Amino acid sequence: MRWSDEGLVLATRRHGESALLVHLLTAGHGRHAGLVRGGQRPKARAQWQTGNRLTVVWSARLAEHLGTLQGELTSGYAARFIDDGVRLACLTAACALAEATLPERAPHPQAHAGLLALLEGLSRDAGWAAAYVLWELKLLAELGFGLDLERCAATGAREALIYVSPRSGQAVSAAAGAPYRERLFALPPFLREAEAAATPQAVLDGLALTGFFLERRVLAPQDRKLPPARGRFIDALRHIVTISGG
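So the sequence shown is residues 1 to 246, counted in this note's numbering.
The hints are simulated quantities; they were obtained by calculation from the structure and are not laboratory data. Check the hints yourself; a few may be wrong.
As the list claims (entries may be wrong) - Within a straight-line C-alpha distance of at most 20 Å, the following computed SDA-like cross-link-like pairs (lysine to any residue) qualify:
#, residue 1, residue 2
1, LYS43, THR68
2, LYS138, ALA202
3, LYS138, THR68
Said to hold, decoys possible - Listed next, with one range per pair, are the computed distances between beta-carbon atoms:
#, residue 1, residue 2, range
4, MET1, TYR180, 48 to 56 Å
5, ARG151, ARG41, 49 to 57 Å
6, PRO103, GLN70, 29 to 37 Å
Bear in mind that the values here come from a model prediction, so they are computed numbers and not experimental data. By construction, the Cβ of each residue, glycine as well, lies at the ideal position given by its N, Cα and C atoms.
I would like the entire structure built from these sequences, with the hints used as guidance.
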């Protein structure tokens, strides 16, 4: 059994004295693991860093076996942000969340394309933090738990949507949500309107929203929690908000 594909490294773990167990998100084979022989050598570890993009070959005697991986580096995203702690935290959070939520060996080409676009976008001067929130929102939809942010759950209105119900995952208008605003999530405008500004606080509001539904609808049924790497990314963003005054 043998296939080749494009893969993004989600995580690596030591295996024995010299090998690495590598988890990838591939374009055509979904989230897939494999053993890299000699992967603990310095040169190999640099190639298989979290977030890196490779052309990979997986092989095994039977399809259900763990199999071995060989790869050729295409883009070393991790190295680009080695001196930028917040962007590196964003990269690590995205990869950790993909590993935690996507089913193993089930193709999710949209999730792969979205993660690749996010990693490419981290090099831009602005907009990458908002892009991460949008990626989480699309990941929810990819997993079958998309939020309805187009109309008010109570009235059907399409204007003045500023809240989201934690029960239904639907938007709520300002008027309908006013009596219950303490129990509702804020709906950042940039999640509905591409031209809307994504302020640091709006990004944090967006992460609170998507994180709630990822944990409640995707991870909790499997008795799992959001990966710690995501929490570290949020802490880094909050630090920026604090020192910049909002």
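Item to check | Whether the CB-CB distance between ARG151 and ARG41 falls inside 49 to 57 Å | outcome: Given about 55 Å between the Cβ atoms, the range holds.
Checklist entry - Quick one: are MET1 and TYR180 within 48 to 56 Å, going by C-beta? => result holds (54 Å)
Checklist entry - Quick one, are LYS138 and THR68 close enough, alpha carbons at most 20 Å? => result Status violated; Cα separation ~31 Å.
Next on the checklist: Hinted pair, alpha-carbon criterion (20 Å max): LYS43, THR68. Please report holds or violated.
Outcome noted: holds (18 Å)
Item to check | Proposed proximity, ALA202 with LYS138 (alpha carbon, max 20 Å) | outcome: Since the Cα atoms of LYS138 and ALA202 sit roughly 17 Å apart, the hinted pair holds (cutoff 20 Å).
Next on the checklist: Taking the Cβ atom of PRO103 and the Cβ atom of GLN70, is their distance within the range 29 to 37 Å?
Outcome noted: Cβ of PRO103 to Cβ of GLN70: about 24 Å, so the range 29 to 37 Å is violated.
The structure fails hints 3, 6 (numbered hints given earlier, in ascending order).
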